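Listed in order, the protein sequences are those of chains A and B.
Each residue of the first sequence is one higher than the one before, starting from 1 at the first, in my numbering.
Each residue of the second sequence is one higher than the one before, starting from 1 at the first, in my numbering.
Mixed in with the good hints, there may be bad ones.
Subject to a maximum C-alpha distance of 30 Å in a straight line, what follows is the list of computed DSS-like cross-link-like pairs (lysine-lysine) [as the list claims (entries may be wrong)]:
#1 K25(B) x K143(B)
#2 K217(A) x K140(A)
#3 K214(A) x K105(B)
#4 K137(B) x K217(A)
#5 K238(B) x K214(A)
#6 K214(A) x K137(B)
#7 K214(A) x K113(B)
#8 K214(A) x K146(B)
#9 K85(A) x K214(A)
#10 K143(B) x K217(A)
#11 K15(B) x K214(A)
#12 K137(B) x K224(A)
#13 K200(B) x K217(A)
#14 K113(B) x K238(B)
#15 K217(A) x K146(B)
#16 K93(B) x K217(A)
#17 K214(A) x K224(A)
What the hints contain is simulated information worked out from the structure, not anything from laboratory work.
No experiment lies behind these values; they were computed from the predicted model shown.
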Amino acid sequence: MSETWEAIYAWFDAILDFMPELPVGTWIEDFVDWLQNAQFIFDGIRGFVAWVTGMFNSFFGLIPPILFILILTVIGYMLVRKSEKFGLPILIFLGLLFIESIGYWDELILTLSLVITATLISIVIGVPIGIWMGRSDLVKNIVTPILDFMQTMPAFVYLIPAVAFFSIGIVPGVIASVIFAMPPTVRLTNLGIRQVPAEMIEASDAFGSTPGQKLFKVQLPMAKVTIMAGINQTIMLALSMVVIAAMIGTDGIGREVYYAVGRNDMAMGFEAGISLVILAIILDRLTQALNPENRKA
Amino acid sequence: MAKIEVRNLTKVFGKRPKPALDMLKEKKSKDEILEKTGLTVGVNRATFDVNEGEVFVIMGLSGSGKSTLVRLLNRLIDPTDGQIQIEGDDLAKMDDNALREVRRKHMSMVFQKFGLFPFRTILQNVEYGLEVQGIAKEERREKAMKSLALVGLQGYEDQFPDQLSGGMQQRVGLARALANDPDVLLMDEAFSALDPLIRKDMQDELLDLQSSMQKTIIFITHDLDEALRIGDRIMIMKDGAVVQIGSPEDILMHPADDYVRRFVEDVDRSKVYTAENIMTRPETVNMEKEGTRVALQRMRKADISSIYVVNRTRQLQGIIHAGDIAEAVNRDESDITPYVQKDVPTCRLDTPMHDLFNLSSTSHVPIAVLGENDKLAGIVIRSKILAALSGEEVNTSE
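Next up, chain B with everything else stripped away, as it sits in the complex (with noise of 0.2 Å):
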């Protein structure tokens, strides 16, 4: 279900934005509006959804009118054209009084360089949200330190933002927000004046709180990695305008444009496939109906050394191999039941590529992936990993 529904939503910068905005339904370009009238075009016309519970990415280049469209989302600017449909209410129309409420019960908001107040002690911060709509001094204090407890900062409350690290510091913005208990975060740039390893820890972190929040979280950033790693679903801009929203797999695989292609050529494809994109058919053998003779001529024909042991309900059995099989066939054996080795490396549909490597090396065998009920789903040989890694094709979700 869309939470916020995003339409036609356009800034353009100046006192008299009518030609610009005229030029934009024709479609004008943002270089030749800037040229014709003078007028800096922020964020063109956007489009889009956001679902209830999900990390929604705004991803761009800077000047690329992400951070313009975040602030448009709780009106710190004033949008020229469009709409913010929040279950309903137009947000781009509401008087001061609604938006204010909007701000203190279903919208927070996370800022890149932290907007702590440095006068204020860290408790005092956390508050600041519940203070202004004139919550009772026990009740926010005790909210605030829920809030503060979430993102790991209990202890710290009597010291001041200039005492903590940037990582903490961005922790006390995280908790400010949470202690409204909004429906909506917004988060601009949150992690990005962070160190490379703090912010992978606050990503790591705000999954895990999403996990048991389920907030929409609408987040914005510049690094693709960044995106992948916490996105749901990614909207990427560029010069104001929306160029493709879709999921992280999506985005990687079916890249709307060269702009979005040329985005894409840098990332580390082990983060962002699973299992299921490399995975491939395999050949099984039925072990309560069919016997040693079915399994050696299946693995002569498929050229292979072993292989996949299922029931009838394709549940993983385990694996044979042909030489033991072989001896069987010569000695006239055919259940092929003894024969079945259970210690097979097994990974899960939606297992990152990254954890694939450490298993396909210490193997010989290829991984059996596991779907429902354990179910056999595929397997995925090593080959499969190394040209996924080098950027062949792979198989998508469609």
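Isolated chain A, as found in the complex (with noise of 0.2 Å):
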């Protein structure tokens, strides 16, 4: 009986040893050093990402500190206002002029310029598609797995061909930010057009509406708060890259942190993490309030 098993086994073993090593490694290597081809098309988006990074970035500083505080603060008090919530102002309003107090202004400012470059590009890719999942379901097999890949893969691999493709700086920092922050709201965007209830889309067309029309006039509104949650996700994934981004030099309160972490230095890590907590914090409520879902609550 044992002669018999062992024969098996040896036989496994024959079938293992004959299945070659898959090079999968060198093969993306290859394909990625093969895009590099078209070298004058990443430096078209490099340059894109750049200028409107740029824009913000000086855009933004060219508002004096307390002037800004106080906008953001006046924006978040007129969110909240119905609801008489006041937390969120007073939020802000203590929260920046904290960071500003600790010397992390211009970082601030500039982080703040990335996450929002990033969620606007991905909110500009990442809703067409998760539309045109929400209406076929043949796109939304094959960009599932495609989005679960881009989640799943540990962030710090994209900085690789983030690298290769647009060099070192806020550049491949937004690029990795991109790939990395937006599935939510592909996925959200998806099952918002999803959930639309069938009578409303047989009342749109029922009337005579276009598809367009449909679109427009009913799925995207009845999606709109679900589409709001991803993008909110998408924001806050984006804050999370700010760290990784800094290992490939993409400034801001994430290259403090990175380079506290390289020193020992806890003092400012701490600073720098805190200062990021807020922002995200920030972030998440203001999005959070814009969401019309839960002013009414």
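Each chain sits in its own coordinate frame; assemble them with the hints.
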């Protein structure tokens, strides 16, 4: 009996020996090398992303910190005025004042510009893909595994091709953030479109809407709350990418955290870390307050 | 005149419906087809006409294919086979643009769960159909306001659907459908989600509106009482096929098969029958040529204590009682005119039986049924009302 088993084991071993070692890594490397033939495209993208981020950065930089803090506080106040929960404007005011006082204002502005740019790109690309997924099962079945891949791949890995295509600095940071942060927007746009009650779709069709009218007058307004939740997630993920992007030379608060780790500087690490937490909470609450569903509650 | 002619309209759900279509033509049953091909038959070769300006009710239990059928009519579901002729154009063959045009201008739909858009105000909801046509803002606002006024919802235009009760929401649904001024109104279980009392109000209101609008209405329901109340004609469906088409009376009095008969058994007949169905031929005297002796003789012969009096053209003049006439005969008077009592209970041919209860309970004489020009068409005696209620045969118009 045992001889039979040994024979089977030996047989399996032989099969495994016969299997070649798949050089997946080399393939991807070759593929990335090959893609670099189209470097002019990546240069174009690089120029565009750098321009958008630079625009935000210099625009926010023009505003004196105290004015910027007051403007954001007023916006926060307007958003929560109806619900009479004034935690948000107070949080914005004290939080930003704290960041300014410990001397991270310029870094804050740069990080904010990076997050906003990454989020805008994610929305511009992600929402249409999500809509397409919502209208076609085929597209959904193709895109879903790609999204799974994008989200589960350790974020550090994106830094390598990002550097290969976009060199170092803020642009590869934005690109890596987009790849890492876009999936929730795509997923929740798809979900939002699919969740529109059948009777509303029928009503829209029955009154003779074109597919475009149906999308813009019924499906997107119905899906708005869900899409906003996805965008909120995207912002949070983009912010979490800030520290990782510092490894490839992206400036901002993330770089301070990265340096502090390298120098084992506890004070600097926590100051920068707390600044990031404050920014994260402000962005999260602001976008949630923008969501009409939450404003009602 | 037929507004919509539907011929062999068929829906088979599934990707390759051909084998099921062939089996349907061989008159195979829905269950047999499901077993052999795995395909579900939604609507099975439905053929019917809907006349201009009528309320055509499609009735069936859930799963009978009535909701699928109404969606085939405006192609929310694409038919597998058959024709839908609307004033000569075959809707089943139309391209997207032509279909959109029909949906925008000629056919509107009212939904069971209202299908209102929660993020739009009442006015914006009613405007929707006009908005997608690209009608200018002022014009569509004006039309929408008119439509809201029709259903009695002025003053609510800036509210949102979730601020309104179910009945009011469905009024909005109706107003939205009417705003396009369509010729055909499709109503899919439009009142089924409402409380019974509200439902009855809405039915009355629809009938009111219909009497002034004269739209062609196709109304889907699973409720026979509702069908009988509002339908000019009723089509009963079972397993996707048409079982019977007829007037409410037809359906009640000549059910096509056991399926329809079982439906009809629970109906409150008093709402359906009219005086015409239960009246009997009256004994009468003509006061212009007959006298007291003839009248007395006729009452004795028919074994009745009173008799209706008419003139030469059979118009009702009143009633005379045997006692009075007997005394008159004893006094040797021949003219019956002094003894005619004018105060008699009357009703019309189409008075519902329900209303006859009260009349008959307060009166000791039979109720006179008047036809055209107040001619005496018949009389209703109390025992006939009770007999009809208990389900006995009644007169039919044929």
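Now the hints, each set against the structure:
1. For the given pair, K25(B) sits about 47 Å from K143(B) by alpha-carbon distance, which is inconsistent with the 30 Å threshold.
2. Using a Cα cut-off of 30 Å, the hinted pair K217(A) and K140(A) holds, with the two alpha carbons roughly 23 Å apart.
3. For the hint linking K214(A) to K105(B), the alpha-carbon distance of about 17 Å falls within 30 Å, and the restraint holds.
4. Distance restraint check for K137(B) and K217(A): the Cα-Cα separation of roughly 16 Å lies within the 30 Å cut-off, and the hinted pair is therefore satisfied.
5. Of the pairs offered as hints, the one joining K238(B) and K214(A) is violated, with about 34 Å between alpha carbons and a cut-off of 30 Å exceeded.
6. Using a Cα cut-off of 30 Å, the hinted pair K214(A) and K137(B) holds, with the two alpha carbons roughly 19 Å apart.
7. For the hint linking K214(A) to K113(B), the alpha-carbon distance of about 19 Å falls within 30 Å, and the restraint holds.
8. For the given pair, K214(A) sits about 25 Å from K146(B) by alpha-carbon distance, which is consistent with the 30 Å threshold.
9. Proximity of K85(A) to K214(A) is assessed by CA-CA distance (about 36 Å); at most 30 Å being required, the pair is judged violated.
10. The suggested pairing of K143(B) with K217(A) holds, with an alpha-carbon distance near 20 Å, which does not exceed 30 Å.
11. Our distance criterion of 30 Å between C-alpha atoms is met by K15(B) and K214(A), whose separation comes to about 26 Å.
12. Restraint check for K137(B) and K224(A): the C-alpha separation of about 25 Å stays at or below 30 Å, so the hint holds.
13. Under the criterion of a C-alpha separation no larger than 30 Å, the hint pairing K200(B) with K217(A) is inconsistent with the structure, at around 34 Å.
14. For the hint linking K113(B) to K238(B), the alpha-carbon distance of about 23 Å falls within 30 Å, and the restraint holds.
15. A hinted pair counts as satisfied when its Cα atoms are at most 30 Å apart, and K217(A) with K146(B) qualifies at roughly 23 Å.
16. Using a Cα cut-off of 30 Å, the hinted pair K93(B) and K217(A) holds, with the two alpha carbons roughly 28 Å apart.
17. As the CA atoms of K214(A) and K224(A) are separated by approximately 14 Å, the hinted pair is consistent with the 30 Å bound.
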